[in-house]
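4 protein chains.
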Amino acid sequence: MSSRIGRMLSVQIFGESHGRAVGVTLDGLPAGLKLDMDKLNAFVQRRAARSAIATGRREADIPHILSGVWEDITTGQPLTAIFENGDTHSSSYDFLPDRPRPGHADYPAIMRSLGNDDLRGSGHHSGRLTLPYVFAGGVAMQLLETEGIRIAAHVESLHCGEHDIINWVDPDMDALFECHKRAVPTVDPAIGEAMYQHILDAKAKQDSVGGVVECVAVGVPAGLGAPFFEGVESVMANYLFSIPAVKGVEFGAGFTAAAMMGHGYNDPYAMKDGKVVTTRNNAGGLLGGLTTGMPIIARAAFRPTPSISQEQNTVSLSGKCDTTLKVHGRHDPCVVVRAVPVVESAVALALAELWLERRATYPISKRLEDL
Amino acid sequence: MSSRIGRMLSVQIFGESHGRAVGVTLDGLPAGLKLDMDKLNAFVQRRAARSAIATGRREADIPHILSGVWEDITTGQPLTAIFENGDTHSSSYDFLPDRPRPGHADYPAIMRSLGNDDLRGSGHHSGRLTLPYVFAGGVAMQLLETEGIRIAAHVESLHCGEHDIINWVDPDMDALFECHKRAVPTVDPAIGEAMYQHILDAKAKQDSVGGVVECVAVGVPAGLGAPFFEGVESVMANYLFSIPAVKGVEFGAGFTAAAMMGHGYNDPYAMKDGKVVTTRNNAGGLLGGLTTGMPIIARAAFRPTPSISQEQNTVSLSGKCDTTLKVHGRHDPCVVVRAVPVVESAVALALAELWLERRATYPISKRLEDL
Amino acid sequence: MSSRIGRMLSVQIFGESHGRAVGVTLDGLPAGLKLDMDKLNAFVQRRAARSAIATGRREADIPHILSGVWEDITTGQPLTAIFENGDTHSSSYDFLPDRPRPGHADYPAIMRSLGNDDLRGSGHHSGRLTLPYVFAGGVAMQLLETEGIRIAAHVESLHCGEHDIINWVDPDMDALFECHKRAVPTVDPAIGEAMYQHILDAKAKQDSVGGVVECVAVGVPAGLGAPFFEGVESVMANYLFSIPAVKGVEFGAGFTAAAMMGHGYNDPYAMKDGKVVTTRNNAGGLLGGLTTGMPIIARAAFRPTPSISQEQNTVSLSGKCDTTLKVHGRHDPCVVVRAVPVVESAVALALAELWLERRATYPISKRLEDL
Amino acid sequence: MSSRIGRMLSVQIFGESHGRAVGVTLDGLPAGLKLDMDKLNAFVQRRAARSAIATGRREADIPHILSGVWEDITTGQPLTAIFENGDTHSSSYDFLPDRPRPGHADYPAIMRSLGNDDLRGSGHHSGRLTLPYVFAGGVAMQLLETEGIRIAAHVESLHCGEHDIINWVDPDMDALFECHKRAVPTVDPAIGEAMYQHILDAKAKQDSVGGVVECVAVGVPAGLGAPFFEGVESVMANYLFSIPAVKGVEFGAGFTAAAMMGHGYNDPYAMKDGKVVTTRNNAGGLLGGLTTGMPIIARAAFRPTPSISQEQNTVSLSGKCDTTLKVHGRHDPCVVVRAVPVVESAVALALAELWLERRATYPISKRLEDL
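Protein chains in written order, with the working numbering: chain A, 3 to 373; chain B, 3 to 373; chain C, 3 to 373; chain D, 3 to 373.
If you are wondering where the hints come from, they were derived from the structure by calculation, not from laboratory data. Please read all numbers here as calculations on a predicted model, not as lab measurements. Quick reminder that beta carbons are idealized off the backbone N, C-alpha and C, glycines included. Just to be clear, a hint being listed does not mean it is correct.
Cross-link-like lysine to aspartate or glutamate pairs, in silico, EDC-like; alpha carbons within 20 Å at most [claimed, not checked]:
| # | chain 1 | residue 1 | chain 2 | residue 2 |
| --- | --- | --- | --- | --- |
| 1 | B | K322 | A | D275 |
| 2 | B | K368 | C | D38 |
| 3 | C | K274 | C | E147 |
| 4 | A | K322 | B | D176 |
| 5 | A | K328 | A | D38 |
| 6 | D | K368 | A | D172 |
| 7 | B | K41 | B | D176 |
Pairwise CB distance ranges (calculated) [stated by the list, open to error]:
| # | chain 1 | residue 1 | chain 2 | residue 2 | range |
| --- | --- | --- | --- | --- | --- |
| 8 | B | P191 | A | E149 | 49 to 55 Å |
| 9 | A | S320 | B | E73 | 48 to 54 Å |
| 10 | A | G150 | D | D174 | 47 to 53 Å |
| 11 | A | A44 | B | H182 | 19 to 25 Å |
| 12 | B | D89 | D | L202 | 34 to 40 Å |
| 13 | C | R60 | D | D203 | 45 to 51 Å |
| 14 | D | C323 | B | A272 | 57 to 63 Å |
| 15 | B | H182 | D | R361 | 44 to 50 Å |
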């Protein structure tokens, strides 16, 4: 079962890159959620390939909602949306299944399916599947907004090195939302422009670059999540690592924490306007798998796009010998930019899951007077 | 549902640090697995606190197997093992629930449970729960060994900075197994000794340090995992982030990949002794969420132990004011060393899950002659 | 999460009666299953309303497979099929939401969704949803046929009383398959003809009738299922009770067993052609939740169709007063006949689930020489 | 995965009849539920074998709560309780694995496990496992009572034929609770006494009898459940069929409905004291898989106890030949009486699951003014 997740809010993704359509079913959504369809479409379009640094494949990406929504309000029944596939060039993939592309899912997918998987355009393994994923994320985001939760991501760094720094204790959400209008969404426009140029350079060299997307969620109440397997990090990482090309996930100080000492890492508590806060946020809003009420800070590291037009060493599976391959399909030289709303979707779907779980297990009674 | 995971092999952890017992139920284990009980106990003991750099709490950690094993062979029914709690000092925790410890689960756990959670010794949030986790991991490891899969981890780095480097293409498994006999398990003994001294220094300063554990799995066939939500990274990260104190997870080049270009990241394929291999392993044995047959390389970043004896700023929840706290419980100045078998367990449980899934979905027919 | 089932083979149904389409996603299907599309379509058509005893709504019921099948072979990725809705008369439902129909889901659905559910044509609660269900069942059936498992159902009884009896120890499968060509599928044609006349009589009286469908599965190996929650009866009943209008499920002697004594109920074992068999089959092929290798005998009791054109007592939800209602939509006077392939689908999906589970947990080693 | 159930409230049963202990873990229980331990123990004791019509095996059946409860209040963490096994006679089972008992799980369990299952005292397949099941049910019942839901069952009929009739529209709950004090719990004491005598007669003949348990749940709000796979009937049947020896499950008129006409089956709505009710309850409180607010009526048919002391025909698996068997273990001549609290537990666990689901998916907004 490759493409379903969620104990509370089931997300079932389906479709292949060159098949009839890709789509998603959300089951477990409460009834009575009024969807802002313009906002949802605008969110989906943030993922679309529209600029010089994106793939040449152009798709309308219009959702057809088949079920679960009536007069723009969720019915409480399964919500299915599909997106038709249009601009496909299957002939570009005639090197498959013989010569698997380095860095792609081709070889393990052939081994898994014993040759039965449809790998045209990478099939179900394609980044095209992040389209229904983002649709689902957009719905989850609107659900969370009814609770005052807001989510925004930016490109934190790219191969070139500079970091787009934000305040983890009190992030400027407006600046984050604003940056989504730019070609490379960074809070500091200069950094984004440098990144843009860097991606164009990589493209010119028939190469690709990786990068890091950082996502912030504010307004999340304390006490979501659980110790162990449904800890926020565990659940969120499951969604984040499902995004093709993600090879690392961290929260708050993350890997940097491994090089810190306790006195410098622990976030001290303080009262502020009658509310418990921490005066720094190395924990990324998460302690013991639970939300503290502070902003959640999650980062995902993306490897460089595997499809590059340079000649690469591979094997011929039929000939059982070494050979080479030049890939001529249309690909993004850097998936990181288009991945920004995908990362937001992962965070939104994880939080929707945990928020619904919280509704289910909300305590029967208080134990302490002062809570 | 805080403490259960697994679609194929259900792992249900239970217990509190100062309750009667901690334990685990494994459901979904095939019948007929002959358990080497000595080996299993030895594995569990690797996690125990036995040296000067570990907590003063001393427990026998003997598993009582209640069900699912008959004459050392699995019956195919739920396997439950419990470990009694002995050496507990609940009075050390009388600052709770009023003054939550910075960096601990106390505050969010109080908010989640509205004061009903048992937080003595950190309760269900305690590192003590990694004991049944390791038991479960040890069983999973013996299951995987019947397929030729072997798993070993080491301390890759500590706060102090030096890295214990291993070969990702052809790791020396014997050296890894050998290093588990040392106080700090590093392949290079000198690095481990420096780390040991470093931890003692932190302890002397009433402080703590973090670090990174790296785990290798070899002998894993190509084709395990799936795109998206049951991708190997997604599943494994779920288990890894469930380990208390883990704040980052990466595979292969991981976060470093974000700073690479495609031509340098993609692992070229080659034929070697009639088998498809890659000549480097930046992918950590994982492409598109699927295993390639190369060694799996997973790393988990541990934050410094939250419990330190220095005075820290916190709040009084009853007084709704700022205050300070000095914690006097017994704690590890660095959990990284004892976490090595816990990380191995996470990797083993994830691979057992995926291997059982592979059995279930093994293709009905081959499509290609040459597979 | 209303409409998903399956730990091994996930079945996600979606759609509303008067929405754009109804459909299903199967996730967890092994790759390499060659689908006989003609056979699959013929199976789906067995459910269609085609005779004088069926609803006047006429739909083409052509599946559009969006994903998961390539050149008629399953890829191992999610298989989604949709069926467009055509012949809908939403205006027939303008008594809703004010005056709920007795015997229908209207009232509880309004209460569940606080008025947000789309109840036109009964919405997601409609028998129309058994269309994708049957598609899924047809795929499961073809999967099971690769293992030699065959499934067939018949109308065992109707309101009028006569019972269509089959041999539980050695059922005549050819006769069962043959009977599916008749208007009312009974092994004894005379009983079916009497039933047909009986349904027409009920229709003439603006009334409806219930009945019992009995399903047989042969070729099922011994040892599928599990004690307790994944017992064959537990799992199969979950699928069977999901069929709208089913109010009772029993296996083998079923409720009759409650009036038997042990010596008469227990099925004695005997060796036959080197195989362990039972000489009668009161257990319906199921002991302790596990298959014995004997034919599985499952029965589902269907209540009479709730929609009848006679005036019935109901309430006005807005007026908070008693009132009456005459329903003028198009409905089957007896769903039992069209339900026969739906029951077969439930049995097939349950067995596919259990057979995949069996693959996953197949024992690592044999314990006894003589097995 | 044989012995776990529940998407919202996970119930994991473990243990074997002649192993160290049997037990259960409940995960997903809200924090802050004050448990009445005396009431819980009294409920568990209702299942115990205490009279002349019960097995000779005598067990104390005292729960040891290992986790998840602190000062009698649930913590929100996994609740594990175990019951030690004491009075076991494993030598009574030395006919196994060679000569499987007719009507028992022996043969399919051997086939499933390839001989690895521990079948002493029927192992994990034993009715002994209903002990932790009843403990879990008792906890669920106390959870539901905080919402005003009350559950009670009685013996509806036994082999001998007379039926203990209750009012489905307005059941006398006090009479049902009262009847639990009698040896055979029937509302009509005379029927229970006749049943008692009947069981003694069967015992004297070395035989056994079956029967039907009927369970009522009142106070359940309208709108619990869902169409299809999480319909109340589907979910509840899953729990009910998990009880060993259950071979049929029905709701309301159940199988009788199959012989009714629509006008006689449909329950008319009426307003009563400002509340929507039905004037009869053929639906058993369930329409379209959803609760209507009327009493839920569920019935489970139990086959006669398989273990009888008469000589029965079986096979020798080693000799591959026919043979006979006389079973000398201690067994109940009729499990129906002790099954009454087990059926109540199944209903309670199913309703707890659905009630928690309802909390999670409670609508975001109302659509209609008049709801």
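Comparing the hints with the structure gives:
| no. | hint | verdict |
| --- | --- | --- |
| 1 | B:K322 with A:D275 | holds (10 Å) |
| 2 | B:K368 with C:D38 | holds (17 Å) |
| 3 | C:K274 with C:E147 | violated (24 Å) |
| 4 | A:K322 with B:D176 | violated (31 Å) |
| 5 | A:K328 with A:D38 | violated (44 Å) |
| 6 | D:K368 with A:D172 | violated (35 Å) |
| 7 | B:K41 with B:D176 | holds (16 Å) |
| 8 | B:P191 with A:E149: 49 to 55 Å | holds (53 Å) |
| 9 | A:S320 with B:E73: 48 to 54 Å | holds (49 Å) |
| 10 | A:G150 with D:D174: 47 to 53 Å | holds (49 Å) |
| 11 | A:A44 with B:H182: 19 to 25 Å | violated (54 Å) |
| 12 | B:D89 with D:L202: 34 to 40 Å | violated (55 Å) |
| 13 | C:R60 with D:D203: 45 to 51 Å | violated (60 Å) |
| 14 | D:C323 with B:A272: 57 to 63 Å | holds (59 Å) |
| 15 | B:H182 with D:R361: 44 to 50 Å | holds (46 Å) |
Violation of the numbered hints given earlier is confined to hints 3, 4, 5, 6, 11, 12 and 13; the remaining hints are satisfied by the structure.
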